[in-house]
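Start from chain A and add chain B according to the hints.
As they're listed, the protein sequences go chains A and B.
Mapping the first sequence onto the working numbering, position 82 (from 1) lands on 82, and the numbers just tick up by one.
Quick note, the working numbering runs 1000 ahead of the 1-based positions in the second sequence.
If you are wondering where the hints come from, they were derived from the structure by calculation, not from laboratory data.
Quick reminder that beta carbons are idealized off the backbone N, C-alpha and C, glycines included.
Do not rely on the hints blindly, as some may be mistaken.
As the list claims (entries may be wrong) - Derived Cβ-Cβ restraints for the label pairs, each shown as a range: (1) B:1081 with A:62: 36 to 44 Å; (2) B:1008 with A:59: 25 to 33 Å; (3) B:1109 with A:108: 31 to 39 Å; (4) B:1056 with A:58: 22 to 30 Å; (5) A:2 with B:1043: 39 to 47 Å.
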Amino acid sequence: SQTIHQWPATLVQPVGSPLSLECTVEGTSNPNLYWYRQAAGRGLQLLFYSVGIGQISSEVPQNLSASRPQDRQFILSSKKLLLSDSGFYLCAWSDEGQGGFVFGSGTRLTVV
Amino acid sequence: AQTVTQSQPEMSVQEAETVTLSCTYDTSESNYYLFWYKQPPSRQMILVIRQEAYKQQNATENRFSVNFQKAAKSFSLKISDSQLGDTAMYFCAFRSGYALNFGKGTSLLVTP
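In isolation and in its complexed conformation, chain B is listed as follows:
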């Protein structure tokens, strides 16, 4: 079974600074997809960024980028120029087949 581990339950960053959220996963699959989801206080799940395992190039979406290390099974999220609206729970997720498996999340607080 695939497992996703987020080792940082809570993090804090000042506005305009950069923060990196960690995620590791365990799988025997060779083809899979990785995602970061954001859940603000409204609890709506919002897709932030996705990465295909067969692509070596790290995905980037505006201020959000990932560091995908396939051999190490690591998938960290970097948020640059943090904004107050980035305050949310962030979930790392793994997909191989039908299901999407989530880590337990990292609560990120952006302070002024």
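Extracted from the complex, chain A is given alone in its bound form:
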């Protein structure tokens, strides 16, 4: 069966520090991969998605970037964090069809 792993679960980082959040999927090949952010009390905002290795689409211009170095690995990065980057980050995967997304357990990022 397919599983998705996301880490770390919680992160507190100072303003101006770098960021790297990692997500891996098991049990499937060539998944579509996604990064969402959820601000406190708000809905989910799509940040990036990838339909293949090296293929990254950005939905919202911002201080973050994403990379897909391997088929089932998706990384969210920042060179210098801002206070506004605080939030709950969710990784997800889906197949080529129109099925629902499967989400990781999320990372709570606090920038101080």
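Same frame as chain A, but now just chain B:
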């Protein structure tokens, strides 16, 4: 662009009662998929139910059912025999193509 609107920020229901959460969406697409996700306090996103737009029959999953009105672009979720474990944020979501677009959510509280 597709938009998803959930007009009820908060709702409350007593245990064993029935509650309906509303969702409307805006799209020019004819083929698409609709979903309801549940996010309990753990913040894990859990797929509750999905509906294909080309199917006229409303989807049902145990105590959860939808009322899909394609012409009205409405997709409400009915929870029957509410249980304390149903307390969560509920998100309506729309998929056409790669991305899944979410509403802002409805916070549901089930009381004893």
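Here is how each hint holds up against the structure:
1. Residue 1081 of chain B and residue 62 of chain A have their C-beta atoms about 43 Å apart, which keeps the hinted 36 to 44 Å range intact.
2. Checked against the hint of 25 to 33 Å, the C-beta distance between residue 1008 of chain B and residue 59 of chain A comes to roughly 26 Å, which is consistent with it.
3. Taking 31 to 39 Å as the suggested C-beta distance range, the pair residue 1109 of chain B and residue 108 of chain A does not conform, at roughly 22 Å.
4. A C-beta distance of roughly 37 Å is found between residue 1056 of chain B and residue 58 of chain A, which places it outside the suggested range of 22 to 30 Å.
5. The given range of 39 to 47 Å is broken by residue 2 of chain A and residue 1043 of chain B, whose C-beta atoms sit roughly 20 Å from each other.
In terms of the numbered hints stated before, the structure departs from hints 3, 4, 5, listed from lowest to highest.
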